[in-house]
Amino acid sequence: MKKGKLIALLVSAFIALLTMLGIYLHYKLVPYNENRVKIGATYMTMNNDFYKVLNNEIDKIVEEKNDILYTRDPALDVNKQTQQVELFIKKRVDIIIINPVDADSKKLIKALKKAKKTGIKVVVVDSQLSDNSPVDTTIVSDNYQAGVLCAQNLMQTQSSAKILLLEHQKAVSAVDRINGFLATIKGHDSYQVVDRKDCLGQTEVAMPQVESVINSGVDFDTVMALNDQVAIGALAAIENMKVTAPVKIYGVDGSPDMKNLLATTSSIQATVAQSPLTIGEKAIQAGYRLYHDKKVDKEIIIPVEFMTSETVLNSDLTGWQ
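Following UniProt numbering, the numbering of the sequence shown begins with 1 at its first residue and continues without gaps.
Keep in mind that the hints are not guaranteed to be accurate.
[As the list claims (entries may be wrong)] Here are the in silico distance ranges between beta carbons for each label pair: (1) N35 - G319: 31 to 37 angstroms; (2) N260 - D131: 35 to 41 angstroms; (3) E310 - N35: 48 to 54 angstroms; (4) H188 - N260: 45 to 51 angstroms; (5) N215 - M46: 28 to 34 angstroms; (6) V218 - I68: 46 to 52 angstroms; (7) N56 - D77: 19 to 25 angstroms; (8) K116 - N215: 46 to 52 angstroms.
Don't read these hints as lab results, they were simulated from the structure.
Ideal Cβ positions, reconstructed from N, Cα and C, are used throughout, including at glycine.
Starting from the given sequences, assemble the full structure and let the hints guide the process.
Spelled out as structure tokens, the structure:
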């Protein structure tokens with residue numbers, strides 16, 4: 001055998017030995033737990049860093065406990081999300097963490113009721129269900145207050161406004177934000193809603209929707225967006241359509257992209273920051289407490305923080321809060 005081939009064989013054998021040793025040490029050092037808690041998590045879409053960060057926080061804690069996490073993405077399809085809940089039931093998970101695609105879906109609520117009957121604990125995050133009977137706890141940001149804060153800033157900085165609302169009507173959290181905004185400007189006739197579009201919380205949906213409003217000739221100088229992704233889509237549309245008149249854009253989330261825009265440009269007026277890190281941590285903590293038959297509040301509301309170009313500099317521009 002040639003010397004080169006012999007060396008290659010020895011190296012391959014050494015790598016195989018190290019791999020086997022690594023596997024052995026992993027199972028030797030990580031105690032096997034036959035009673036591992038199984039968690040199923042499904043969010044309306046993973047095409048949003050907010051849910052990725054939220055899920056990563058859950059995953060980190062689950063991994064520390066050597067438990068099991070199944071994460072699913074229904075991609076804004078309530079039928080898929082219903083199927084995912086059914087799959088979790090078949091897998092006999094102990095906890096379901098869900099951000100519902102459609103708060104009013106009878107199919108989804110029926111599947112969650114079935115899960116509850118089998119003893120599975122149900123934790124809803126970042127939104128609500130219209131029928132919360134199968135839900136053990138709901139963990140949300142103060143979404144109504146987020147809308148209030150945007151409206152208050154608008155009224156403090158502008159004597160009048162022509163407002164374009166960008167909504168997501170099937171997500172209760174988004175509806176609450178818009179309702180908080182509308183309730184605050186109610187009775188002040190100088191602040192008028194001139195149009196409203198459903199954008200499903202997605203940048204790629206918001207951009208053509210806002211372009212269609214511009215093409216229709218509707219005049220607006222303010223955009224109230226249900227979240228930062230939609231706000232950024234609105235900004236892209238305004239820039240693409242070469243709108244020269246100033247437009248104030250409000251968002252909700254406090255995403256890194258939005259915070260950077262706040263810090264470096266005058267294109268965005270403000271965002272209201274919520275914390276996927278806190279929601280994720282609270283969600284898995286609540287899930288474990290419920291699993292161990294400990295008391296958990298029916299609703300847990302996380303405070304939000306209003307951010308402008310001045311105050312955003314006090315936060316981490318590269319990550320979530």
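So, going through the hints one by one against the coordinates:
1. For the pair N35 and G319, the supplied restraint of 31 to 37 angstroms holds, since their beta-carbon distance comes to about 35 angstroms.
2. Our hint of 35 to 41 angstroms for N260 and D131 holds, since their Cβ atoms are close to 39 angstroms apart.
3. Restraint check, E310 to N35: a C-beta distance of roughly 52 angstroms satisfies the suggested window 48 to 54 angstroms.
4. In this structure, H188 and N260 break the distance hint of 45 to 51 angstroms, their C-beta atoms being roughly 32 angstroms apart.
5. Roughly 32 angstroms separates the CB atoms of N215 and M46, a value that falls within the hinted 28 to 34 angstroms.
6. Range check, V218 to I68: Cβ separation about 51 angstroms, and the 46 to 52 angstroms hint holds.
7. The supplied range of 19 to 25 angstroms is met by N56 and D77, whose beta-carbon atoms lie about 23 angstroms from each other.
8. Our hint of 46 to 52 angstroms for K116 and N215 holds, since their Cβ atoms are close to 48 angstroms apart.
Figure legend: structure checked against the earlier numbered hints; the only hint not met is number 4.
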